[in-house]
Each structure stands twice: as structure tokens, then as C-alpha cells.
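Peer 1: Listed here are the chains, written in short residue letters.
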Amino acid sequence: MPHVEAIKTTKGKHMTMKKLLAGATLALGITTGAYAQDDPTKVGFVYVGPVGDGGWTYEHDQGRLAVEEHFGDAVETVFVESVPEGADAERVMTQMALQGADLIFTTSFGYMDATNAVAAQFPDVKFEHATGYRRDTPNVSTYSARFYEGRAVQGHIAGHMTESNIVGYIASFPIPEVIRGINAAYLHAKEVNPDIEFRIVWVYTWFDPAKEAEAATVLIEQGADVVLQHTDSTAPQAAAQQAGGVVTFGQASDMAEFGPFPRVSSIIDDWAPYYIARTQAVIDGTWESMDTWDGIAPGMVKIGEITDAVPAEVKASAEAMIEAMRSGEYHPFTGPINRQDGSAWLADGEVADDGTLAGMNFYVEGLTGDIPQ
Amino acid sequence: MDLSAINPILLLASLMVAATPILLAAIGELVVERAGVLNLGVEGMMITGAVCGFIVAVNTGSPWVGFLGAAVGGALLSLVFGFLTQFLLSNQVATGLALTLFGLGLSALMGQGYIGIKAPDFPDWDIPLLGDIPIIGPIIFQHDPMVYVGLLIVGGVWAFLRYSRAGLILRAVGENHEAAHALGYHVIRVRMLAIMFGGACAGLGGAYLSLVRVPQWTEGMTAGAGWIALAIVVFASWRPGRLLIGAYLFGGVTVLQLNLQAAGAAISVEYLSMAPYLATIAVLVIMRAGRAPGSLGQPFHASR
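Here the protein sequences come in this chain order: A and B.
Letter 248 of the first sequence, counting from 1, is numbered 248 in our numbering, and no numbers are missing.
Letter 201 of the second sequence, counting from 1, is numbered 201 in our numbering, and no numbers are missing.
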């Protein structure tokens, strides 16, 4: 299927800049750093969905706007939306680098290979890849948020709110990020409700409103009265609202328009502070390759308002849990936890290490079904 | 695996709903292709219909007026295609693809201010008496009205092509436009009308997504449904009856695979996900698609 891509630049002189900078970079081999004094620092963003998805990409774009606001004329931003993961992504990143971008944020797991390939060709351009783990060259950083902390809160509320004891879960792709979310939600739902059962549907897309709506409807028809989603559109919220009596949570963005019910809370990604800090580092020349994985404590993950549809005592215990994670007292993956096959993973009181979490490819005990390989 | 969790009645009922957008788009394209024109811009017309329908419905508060707006929007966009291919004799394949790209961009632009807004309610029709029949009632007679509008359009197209004089002319134009021209029929006019009908139907299909199925506006929300509709026309060997079967088969397998997953079926997800497409391909091969209209995709000019 063909995709539409539109290069949009926030400052006017798009074509001239492109030609000028591409020409200058190629002919003179001048590093972009040399321009830093005269020219604004150029920051590029590659998005997997449309800016108007109301979820994942929307929040990244909010981060971009925050960068513009913070730096004013000192920074110029460019973005390309709805870029398919694969060869197209590589082309878009190359084009951005040729256009003179100093820093490029690639905001989907599936851009991992493309980001590292392009970064190898442009050693003077800094690349930041969201949710990945490969940093092949010193000009690649990775960053992600500990969404599983938010998932733990969702699981806690879901376990209390469900009456059918069936929780539906719309999963996107079988990658560690998504599996971690399922495990975190399940563990904390199980903790408050031992009879809980998770029904998981893999839709193999980050964004397909019709398919997401269908998946939500199917889960609801099979008895789920709580639907968690790891996809980016608000379609499951609308489906739940139509069905009535079904609880949902906002994903990536607040999705407050569906509150106070069915949306009773949400996980909000707040990328703005990180984007501003990294842009500042490029301007200062202090940028270094690193891996950032921040959670509730630094504010990269925020929990949207828990509405009054949630009983007061549940709201209070959920908030206590958020606070415990913020202060570092509590880690959502604290033993004893067994793997799905019954073998021990974490001993009593043991806390999961980041390495295992980053590559998580197994369900915890109690979840049914297999992870697609 | 807990197959008892799958309620066959609900499954069949949601099959009809899931199939409706592609059914609407496909029946329009069928008429266009029977008139000898290949319009690959179905996806673009669908998404334009989706956004036009949504904008009109939100501003008037009436989903019905919204659907009307969607049909008009889709038809207007198809006129661009019609003008380029019929009067300027541009290449139909290239123009159709361009129409899809144009439609996706245009809809994103038009929908800028409509993100995150909810569509007005479009309640299900609980048809008295018929809706109370056990089993069949909930499957067939408790849907929103557009499901039946889709079926009516399919029935209407079937009768039109089979029994009406105008339908015969349309088919003649599609089979051999030079002969039809020699007989005194206005080839271009017939084709323009068919193209507009196709655009209107695609628009309705798109609006079904944005007003009923999802129901809200998000960019790129048709996510390839238009291409499925195109495939189903070939699958149906250009016959309305088979088209209905094809759309329901595709919708059915799509819903079934989600149901099987949710019930924890021990079949791996990849196979389930490809099932709708595999089923389409398999039936295509088995049924050996009938002959395409003779003049399909060929440009016509009276001087030749």
C-alpha cells in the first residue's frame, strides 16, 4: 500500500535550505557543527503514524513543539509523519541528514536497523532512536520510557474494576516493550484479583483504527469488561463507549475526551524535557551516545487523572502505588515471580534487572497462550 | 483454548458490520469496471468520503446528511479522475494511483480541525418482529441502517446490470467501446456516470468507518480497505452476487481470526493474521476469475 509522506518544515525556505545545505555538505565536507554559530540547530523527527493519531505520535509531536517553544529561533525543527518501518524510513532519514539536520529523533522500534544504517553514513549527525537497544556507532543514542510502571497501575485498577474477571488486551507487535506491558499489567491485576484472566489479541499494527475497533469489539463480545490497548488510536475507547460498561485506559496520550468513563485513567508519555535536554546538549557540544530509560520518577511517564468512576479506595491505593514507584521504594517486577512455564525468574524480594526487562520475551506465570515468535 | 467463548451469533453479526465498508467500496468499483474503466483510486475516494462524511455529520448533527456528504465528496474526487482519464486520456492506472495519494493528503488536510471529536450517534435499527426471531434476528436484523443500504445497493446494481436497458448499455460500453460508439451510445458520458457512482459508493464505505465503525476521524483510517475492495471485484469476477460473498468472506475471516486469538486458539497468530488474505487468494484461484470486461482499462476516443 502506498503511503503519503509530507515533508513539513516550520520555517519557510525549505527548498533553498535543502539545496544549499546538501550542496555545502557534499562539496565542502563541512560538518554541521561548524554552522552552529550562524545557523539555527536543525532537529528532525521521524514519526510512524500521523501527528493527529491522538496517541503515540501526537505526544512526540508535542515534544517537538516544546523544543521549538523553548529555543525559539535558535532551533529549527522538521518532521515527516506516517513513515513506514523499513526501506522508506532509511530514505527519509538520509534525506533529513542531507538537509542539514544536526539531530534526528526516530520514534518507533521498527526504525532500529534504518537508524543505525543511516547513522553509520553520517557520523556528524546525532541520532536518537526511541525504544530500541542498538547503538552501533557513537552518534546513536537510545531512549525509552518505563511504560510498564504505568501498566502496573492499569493492572491494579483493572483487577479491582472488572466484574467478569476477564481483561482484554489489544497488543501490537510481540516485542519486549509490549510483552513487558502485558506482564506488568497481569501481575498487578492478579495481585488484587486472583481470578483474573487475560485475553490477548495481537493486531500486528501500531495504528489501524478499524482493526483496533474490531479487536476491542471482539474482546468485549467474549466477556471482557476492561480493555487495555497497546495501539495508538482512540478507536478502542470509542468501541468500549458504544458497548457500555467497559473500562479503558488512555494509551500514550491522555485521551481525556473519553473520560470520565470508559477512560478511567491513562499513561501519558512526556518527551518534552528529554527532547529539550538533548537538543541543548547538541548546541553545547556535550552530546554523547547513551541509553536513557526513564519512568514515573523523572516525569517521562505520567499517569493521567484517575476519574471518579473508580472507587475512592481503589484510586487511593493506585495513587499510593504511583507514589511508591516515584520514590523508588517499589519496582513493578519484584519477586517472587515465575515464568509462564513455572520456572523461577525472580526470588522473593528480588528486583528485575534492566537487561532482562529490556529483552523480555516470556510471559509470567498465569498468562495463557504463546507469544508469537 | 476456550472456543465456547466465541458466540457464533455475535460472530456472524459482526461479520456483516466488518464487511460493509469494503462491500460498499467494491460494488461501486464493480460498476466502474463493468463500464470499462479501471480506477485504482478507491482508497483515496474512501478516505475522502470518510472525512467529508465526518465533517458534514459533525456540523449538521445528522449521520444521514453525513453519509450524503460522503457520497458527494467521493463523487467529486472521482470526477477529477474521470476528467483526466476520459477527456484528457491520461493513463488510468497511473491516474488512479495518484488519486489515492491525493485523497490521503487531501483528507488529512480537511480533517485537521476534526481530530478527537466524536461523531453523532448512529443507533442500530432494532427492526420490530424480524429482530425478535431467535438466532436469525440478532444476526441479520439488528444492525445500523447502513448495513441494509449496502445490501440494497448490491441488489440494485445486480438488477440494474441484469434487467435494465441502461445496464445493458453500460455493459456494452465496457465490453467493446468502439461497437457501443458505432451504435450511437455516448461512451464518455456512460463512463463518467459510472465513475461518479463508484466514487459515491467508495465515499459511503469510507464514511461507514468514520461514522459507524470507529466512529471518529483519524488520518489514514481506511488503512488499505480500498485495496481489498479492488481485489474483491476481481475475486467476484465482476458479478454482484459473488462480490457479496467475497466481502462477507473477507470480513468473516477477519473477525474470526480476532475471535480465535481472544479465545486463545493454539494456532500461531501469524497464520491467523494472514488468513483473510490467504482465503481471498485461495478462492481467487479456485473460482478462476471470470473474464474481465473487454475494454477494461483502455482509453477511448471517438476519432479512432
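Incorrect hints may have been included.
Claimed, not checked - Cβ pair distances, simulated, as ranges:
no.: 1; chain 1: B; residue 1: R189; chain 2: A; residue 2: G72; range: 53 to 63 Å
no.: 2; chain 1: B; residue 1: L97; chain 2: A; residue 2: L98; range: 43 to 53 Å
no.: 3; chain 1: B; residue 1: G131; chain 2: A; residue 2: G244; range: 17 to 27 Å
no.: 4; chain 1: A; residue 1: G335; chain 2: B; residue 2: N59; range: 53 to 63 Å
no.: 5; chain 1: A; residue 1: G86; chain 2: B; residue 2: G105; range: 19 to 29 Å
no.: 6; chain 1: A; residue 1: H70; chain 2: B; residue 2: K118; range: 32 to 42 Å
no.: 7; chain 1: A; residue 1: E191; chain 2: B; residue 2: G105; range: 18 to 28 Å
Just so you know, these hints were derived from the structure itself, not from any lab.
Yeah, the Cβ is synthetic: ideal placement off N, Cα and C, and Gly gets one too.
Peer 1: Looking at the structure, which of the earlier hints fail to hold?
Peer 2: The structure conflicts with hints 2, 7, although it agrees with all the remaining ones.
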